[in-house]
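If you read the sequences in order, they're chains A and B.
Be aware that the first sequence starts at 1, since it is given in this note's numbering, and climbs by one per residue.
Be aware that the second sequence starts at 491, since it is given in this note's numbering, and climbs by one per residue.
Don't read these hints as lab results, they were simulated from the structure.
Hints are supplied without guarantee of correctness; some may be wrong.
BS3-like mimics (lysine-lysine), calculated; alpha carbons at most 27 angstroms apart, straight line [as the list claims (entries may be wrong)]: (1) B:K1044 - A:K317; (2) A:K18 - B:K1235; (3) B:K1345 - A:K18.
If you anchor each label on the Cβ, the simulated ranges turn out as follows [unchecked claim]: (4) A:S216 - B:L1024: 29 to 39 angstroms; (5) B:R1185 - A:K191: 48 to 58 angstroms; (6) A:S472 - B:P1480: 45 to 55 angstroms.
Glycine is no exception: its CB is placed at the ideal position from the N, C-alpha and C atoms.
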Amino acid sequence: MKKLLFIFSLGVSLASCKKFLDIKPESQVDKDELFKSEQGFKEALNGIYTKCAGTSLYGGQLTYNLLDVMAQNYQFNDIGYQEIANFQYSNGTIKGAIIEIWSNAYSAIANCNYLLQAIDKDTTLFSNGNYRLIKGEALAMRAYLHFDMLRLFAPSYVNGPTLKGIPYVTKVGTTSTPFSTVAASLDSVLKDLTAAKALLAADPIRFSAYVIGYASDPAASELKDADLFLQNRRHRMNYFAVCGELARVYLYKNDLANALSNAEEVILSAKFPATKQEDFFQTDIQKRDRIFYKELISCFYTETKTIIDQLQARFTKQNPAFSGTMAQVNEIYEVGTVGAEDWRLKQWFLNTASTTGGPDRGVLQKYYRNAAPLTNIHPLVAPAIRLTEMYYIAAEASFDKDQPRALKYFNTARAMRGIGNTVSSVAGKPDFIELLLKEARKEFYGESQLFYMYKRLNHAVTINATSSKPASNAIFVFPLPDDENAYRNN
Amino acid sequence: MKFKFHCPPSLPATKARKPLCLLMKAWMLLPLIFLLHLPVYAMGQHVTINRQNASLESIFADIKKQTGFTFFYKGNVNPAELKTDVDIKNATLEDALQTCLKKFRLNFTIVNKTIVITATDKPSLSEPAINAMIQADSTILGRIVDSLTKELMIAVSVYVKNSTERALSNDKGQFSIKAKDGDVLVLSSVGYNTKEVPVSAIRNRPILLSPKSSALNDVVVTGYQVIKKDNYTGNAIVVKGEDLKRLNPQNMLKGLASFDPSFRIGENNLLGSDPNAMPKINIRGTTAMPNGEILDRNNLSSSYNLPVFIMDGFEVPLQKVVDMDINRIASVTILKDAAATAVYGSRAANGVIVITTKAPVPGKLRLTYNAEMKATAPDLTGYSVLNAADKLAYEKMAGLYTTGNSSANTQEELDAQYYSKYKNVVSGVNTYWLAQPLRNAYSQKHSVYVEGGDSTFRYGVDLRYQTDPGVMKNSGRDRYSGGMSFTYNPNRKLVLKNDLTVTQVNARNSNYGSFTDYVLMNPYYPIYGADGKLIREISNWRVDTHQPGEDQYKNVPVLNPLYEASLGNFDKTAYTELIDAFSADWRITPALRVIGLMSLNSTRTTSDRFISPFSNQFYLDPPEEAMNKGSYDYAATRSLNLDGNIRMVYNKLIHGDHSVNAVLGANVTAATTDFKGFQARGFTNDKFSSIAFARTYTPNAAPKGSVEERRLIGSFFSGSYSYKNRYLFDAAVRLDGSSAFGANKRFAPFWSGGIGWNVHNEDFFKSTFPALSRLKLAATSGVTGSVDFPPFLARTTYAYQTSNWYSTGIGAVVNTYGNDNLQWQKTTNYEARAEIGLLQDRIVLTPVYYYKLTKGLLTDINIAPSTGFSTYKENLGDMANKGYELYLTVNALRKEHLNINLTGNLAHNTNTIVRISNALKAYNENVNKYQLDPDKKAQGTPLLRFKEGQSYNTIYGVKSHGIDPQNGREIYETLDGKLTYDYDVQNTQPIGDYTPKAEGFFGSNITWKQWMVSFSFHYKFGGDMYNQTLVDRIENADPRFNVDSRAMTMRWQQPGDQALYKNVMDLTTTYASSRFIQKENLLELQSLYFSYDLAQSVARSIGLQSLRGAVTMNDILRLTSVKQERGIDYPFARSLTCSILATF
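With the rest of the complex left out, here is chain A (with noise of 0.2 angstroms):
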């Protein structure tokens, strides 16, 4: 009988047994060997990077598509989006786009939080600095994509700071995350950031040895560290780019001296150069800019078979998803006072006559790739924060204090674009907002930027010189999926 005991509980030895049981898979990588390595971190942290140029991110949803129709930049003859463009907000590709964009940026957050949970384990794993950088980045991924989601499912700060916000979301489980008010989640945000830009103090794009500028620029150096990880400091999150989002939320929650000083700390760096009249209107296309590529201080890295056929679909083949009517560009670009000479008017719009009858269309030449194997000066990026945008905030924030450079900020990025006209004095700060708003509807033309501006200022929308939607929580609060209400466990 003995022998039957000991026979058994060798058999049922339990701690042997879990180790052979526990099987690592092979053709996936399971969390805890990624966590293992540097190299793992680094994955991990292009992963979410990878996921975010997506199209159901900003490689396709937040940067080109709802949004920049509800800037009112387009003519329609699709009833679907003239509703999408009236804020039907039943309509049901906006249904569709809206699950999409929840679900994909928490599920981006989720990959940050995975990373985060881990990185702090064992620091010893990793080499110069880039603890740092990696965490930095991780931390300002998370709130990027967190105060997108505010911005997009939550009234702004001016319209209802206590009121519901978003989850804020910083651990992984099934268990849902309470909603927090739009204050609460603009803290967290600003508290992810704060972190992530002391963090990322040592990002090498602060160097002066990191030099921005197109791949067959000699000079530039962007794709010179033997580390691939190290290149393209532009298309992850570096430190100007946690400056940049900090303005932009300090703005949000109209904390304009912390807004001002942010947006100056990328100005004043001058680490982003103007881009060059003679790179705009380059007339090979092959060397041309279509998007002012080094005045991007941050953007996604799209350069995919997908997004490509999907910008050519919506914006340059034969008859685009999206155009606006030569009329309504020329309204916009302010043809008939400051905007004759306006470069983006000059070299983004391709006046093509219809093929469906009515008028001329502009069609839009930002994203416009050449055929293969031409290449382009600069790879396919969907902008996420423009030094352009840096001055309009500065010149937002310091007016109520210091019009004079308010103006100068605002005169400089107008500069930028070929207008030469200069607005020397303005009646108010309405007035001022017009002005800004005028010239950030022109820069951010298929880029979004403008929709959480309306909402962030309270601004009813524009549809043209007559007629505008008059603001409101209709309009400016995307409704939460349903899958969020039915499914939350708390």
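Given the coordinates of chain A, assemble chain B onto it according to the supplied hints.
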């Protein structure tokens, strides 16, 4: 051919060796002395002898001294060895001799002064030296053979009743045992009726042991244990390989279904009789939910709800069972209830099928050859398509040639189209497209088995060649296998066995494409053009797509499917499988054994699929894709399964009343599958189909690959105890650990218990129930599990975005939320069973009732997307299955030459979904959307939906009140009972249930002399069937293609028509509604078998030991109340197999 063994025979008992050898020598002298048999009378001599334990020789010496008579011995007489006590005083010589010899079977005759002592009976001339004899010290020698096959039986246990003397028969079927004259020998062997033979009856004839009929097979092989069925409370159906083969020589699983109605093979209406399709098996109802994707019942994979297959102690995949040589199967056991399956723990919830292969039989080298010729013919009875003239008339009726329905063509154009077709019709074009891809297929199978050896070393070698062409041209599955096994017992305590099998299977799918392509072709289309060449584009329809703009009209070409078949396309799969199993069996004491088993199964599968650049598939590709036409898919899978188990078996009868059978063991399995595959594109020429001719890989596609690993470790105890063969107790526990479980739930306990009562062994039984010969009652209960999910589901894994690098390197993204708490599904089983025997068990009836509740079904749980995930896997959901089974065997007639057995069974299973997760509820909503989506082409299909309280087999659709005779429109019923003409998917509700009232088999076995006839019918009644043909081929059928003939005759045409199908002019979509539900009653003759065994004497005369010829017909007759097309992509088939089995 006759093989002889020249080694001296070895015997298990050394005691018996000597007399046997003597016996043999004596036999050699026999012809010399046989002639001396002459009758005479003894003289009046008197003798006195008093001796104790004296040899006959010395006694005879005394007699010789006293009488002067001399002795002569005739036959197997050895007086020196025969000892006895004598006390004779002054007896006559005759009396004295009689006294001396009475104990021995010796006779005497006195001739002059010589006493001739002869053995009582003449030894048999046909068999050497193996007849039973009485020896000097009462050692009985005997030989045992199988009463049916007349084969020698080894390892038959022999004991003397009321004594401790025991023996086993050796490899020549012989035994020797010490016994007295009046003793009775008891012979018993697994699978045979125990026989009692008085010693006096053991004359020179062999003792015949008759095998038990299969319904009452004596033992159950659980894979870990061999248990006497009488003392077992679990539910096991044991089927002998030979019986399986009789029912279906090609498909073991189909044969198995006839023995147990709860073992169901789902009819695959898409793949029909495709030899390469894997069957879908289910035992006692569904215990799992399909996950995620929207499913049509036809699309469920074969791994779903699959029972576990155990072959000779280790787990094998379904494919192995499908491809194994049926001749190698000794028996198959279906284990169903908890008591029987609990030792398999986490794998057991769907039942366990235990397959035992034949072990080599020792003896002279024996060669068995089996040849089979099979003819297969397609069964198109479900199909009824229109002929050319009718089809054209139907098109006209459907309004294809009037402009009212379409603006695509002018009336002149339509008329022109019509008359060009009409020209075809009148010129006699009436192509029977259905026949084009089909053929009658002839296949053959040859298998050879060589076995032999002695009691220490036995071996077997088998070889097989088997082709199995399908009825679709060029499809088929060829199997080659070879195996070698040996058993080595270096001593009586240790048995070592090794089995090595290598199998090669080459499968190819038809290059004719899907059968449905041919069904759809119009009969007025010619196959060949006027030039005698295949036409590629037979016709072209201009279709109004009702899309705005330039896309409104579209030319839809009709491409000739036979053109496709004329190309160099191929689609083949081949695998090589190597299985080696080694086991050691150590008998520590007669009651205690330790058995260890190790097996290795290594399989390499490759699949190659080439689609010619000229294929119709690329017909509509834009010109810029010209260089990418043609594709070649290559995939290779390597899998390696290791299985090891060790167990200690204790088996003892204590004090005659307490029978104990216990096993304690542990097993470990590890399985790895490594899949790699890629596609190449751009072929220039049809003939250059080597992948080397490909121009490139598929643009923007990456190679595929996956590695799956699964490990399982378990320890178990199973014991049974019976008291006086009356009160039975069974218990089993198992602790399983699986790598598929979540990190927090690595180990799962399972258990079972059973009680039983052999009422027939009670003293009161015979007096109380004189009509009954047998009554056994048993009840079992327990918990078993199943792990039906992919191995890495419980882990959080990252996927590399290999085809989508970010500018700063490759990214890894989280796949799914890994639930660390994920665990096995638990099925609680209850079962009650009775076995009732009447008229000496000539009628045996076994009713069974069971209830299974599966808890913790693995399902998706929807969670708020703000968690980062929309779903995760959780054990949530309950499903219940209950039902009854009834088995009947009747030995209707048992005469010397005629034996008639009848068998029948019946089963009913009710499935109820008790609880489902929120995700499945949300899934139903998605199904509604899917149903409406015209692109999915599922509007007329009743899709799977799940509702608590309903069955898994419920059919969902909208209730219909038929066709309104006024206008030919369908009348629907809304959920609140109102009638409407408008279809609304929200009105979908249960409209039927596939569950039959009962399903089962009945058949008979008739043997008359050497003839045998057996047949098996499958029946089913009371269930519903959704007749998909009525929807797809009558109402939703595109009139531009061929349709079911009922489309022409049974549709509504004018007001007042009481039609089953809506207006013939109505081309709108028909949705799934109760109008297409029909009651399904089915009777099919699944197999019919005839065989003839050549009489043994005749067989011997031509150098054979036995010869059997047999004919089996499968799926010959099918009567059903539902007329629908069966075998959509591949038709069903009927087959006839002729076989010859010869043993040399």
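Taking the hints in turn, this is what the structure says about them:
1. Proposed proximity of K1044 (chain B) and K317 (chain A) is supported: the alpha carbons are some 23 angstroms apart, at most 27 angstroms.
2. Taking the CA atoms of K18 (chain A) and K1235 (chain B), the gap is about 10 angstroms. The hint holds against a cut of 27 angstroms.
3. Distance check on the hinted pair: K1345 (chain B) and K18 (chain A) sit about 25 angstroms apart at the alpha-carbon level, within 27 angstroms; holds.
4. At roughly 56 angstroms, the beta-carbon separation of S216 (chain A) and L1024 (chain B) lies outside the given 29 to 39 angstroms, and the hint is violated.
5. Under the hint 48 to 58 angstroms, the C-beta atoms of R1185 (chain B) and K191 (chain A), about 56 angstroms apart, fit the expected range.
6. Judged by the Cβ atoms, the range 45 to 55 angstroms given for S472 (chain A) and P1480 (chain B) holds: they are separated by roughly 46 angstroms.
In summary, the structure is inconsistent with hint 4 from the numbered list given earlier, while agreeing with all the others.
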